[in-house]
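Make a model of the complete structure from these sequences and hints.
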Amino acid sequence: MDEEYDVIVLGTGLKECILSGLLSVDGLKVLHMDRNDYYGGESTSLNLVQLWKRFRGSDKPPTQLGSSRDYNVDMIPKFIMANDALVRVLIHTDVTKYLYFKAVDGSFVYNKGKVHKVPATDMEALKSPLMGIFEKRRVRKFIIYVQDYKESDPKTHEGWI
0 MDEEYDVIVL GTGLKECILS GLLSVDGLKV LHMDRNDYYG GESTSLNLVQ
50 LWKRFRGSDK PPTQLGSSRD YNVDMIPKFI MANDALVRVL IHTDVTKYLY
100 FKAVDGSFVY NKGKVHKVPA TDMEALKSPL MGIFEKRRVR KFIIYVQDYK
150 ESDPKTHEGW I
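Start counting the sequence shown at 0; every next residue gets the next number (numbering that gives the first Met the number 0).
Hints were generated in silico from the structure; no laboratory data involved. Where is the CB? At the ideal position from N, CA and C, for every residue including glycine. Check before you lean on any hint, since a few could be wrong.
[To be verified] Result set (SDA-like, lysine to any residue): computed pairs, CA atoms no more than 25 Å apart in a straight line: (1) 14 / 91; (2) 113 / 125; (3) 101 / 119; (4) 111 / 129; (5) 96 / 110; (6) 52 / 72; (7) 52 / 76; (8) 101 / 42; (9) 59 / 38; (10) 14 / 78; (11) 28 / 12; (12) 154 / 139.
[Claimed, not checked] For each label pair, taking beta carbons as the anchor points, the in silico distance ranges come out as: (13) 155 / 114: 28 to 36 Å; (14) 126 / 65: 25 to 33 Å; (15) 157 / 62: 48 to 56 Å; (16) 110 / 153: 23 to 31 Å; (17) 63 / 87: 40 to 48 Å; (18) 108 / 2: 46 to 54 Å.
Right, dumping it as structure tokens:
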């Protein structure tokens, strides 16, 4: 490890990583450190062992929960839109070499002591225990509207509101 750096960045949250990447791309010698045994700061994603250790004080979750690698729990759920300005910054800083982008398989919420899937299709909306009958119909109508929407076809822009 070198002894001299132009900049020392402490923490591996998104802001720190972008700052470190921008400084590095500009030719500065950057030392980037984190006190945790994982990256991401407060917005990290933890596997099952890390999650158990953080919230239960024990580093051994029950074996019936399966492999720790099968879990990836966001401490702060985050979405990056595919055409977002942040994507361009991440590409410019070359941090995309260290990131893994994945389409969202599903979202879940904890409500009244149970974990529920957030509806993503019109049929899921009708079956969801998260809403009453009138809400289910509105959500179903909205999902169908979004699925049928075509930017190039103004006829599909009507009907939701």
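Against the structure, the hints:
no.: 1; hint: 14 / 91; result: holds, 15 Å
no.: 2; hint: 113 / 125; result: holds, 18 Å
no.: 3; hint: 101 / 119; result: holds, 17 Å
no.: 4; hint: 111 / 129; result: holds, 10 Å
no.: 5; hint: 96 / 110; result: violated, 37 Å
no.: 6; hint: 52 / 72; result: holds, 13 Å
no.: 7; hint: 52 / 76; result: holds, 20 Å
no.: 8; hint: 101 / 42; result: holds, 16 Å
no.: 9; hint: 59 / 38; result: holds, 21 Å
no.: 10; hint: 14 / 78; result: holds, 15 Å
no.: 11; hint: 28 / 12; result: holds, 19 Å
no.: 12; hint: 154 / 139; result: holds, 19 Å
no.: 13; hint: 155 / 114: 28 to 36 Å; result: holds, 34 Å
no.: 14; hint: 126 / 65: 25 to 33 Å; result: holds, 26 Å
no.: 15; hint: 157 / 62: 48 to 56 Å; result: holds, 55 Å
no.: 16; hint: 110 / 153: 23 to 31 Å; result: violated, 38 Å
no.: 17; hint: 63 / 87: 40 to 48 Å; result: holds, 44 Å
no.: 18; hint: 108 / 2: 46 to 54 Å; result: holds, 49 Å
The structure is inconsistent with the numbered hints 5 and 16, although it conforms to all the rest.
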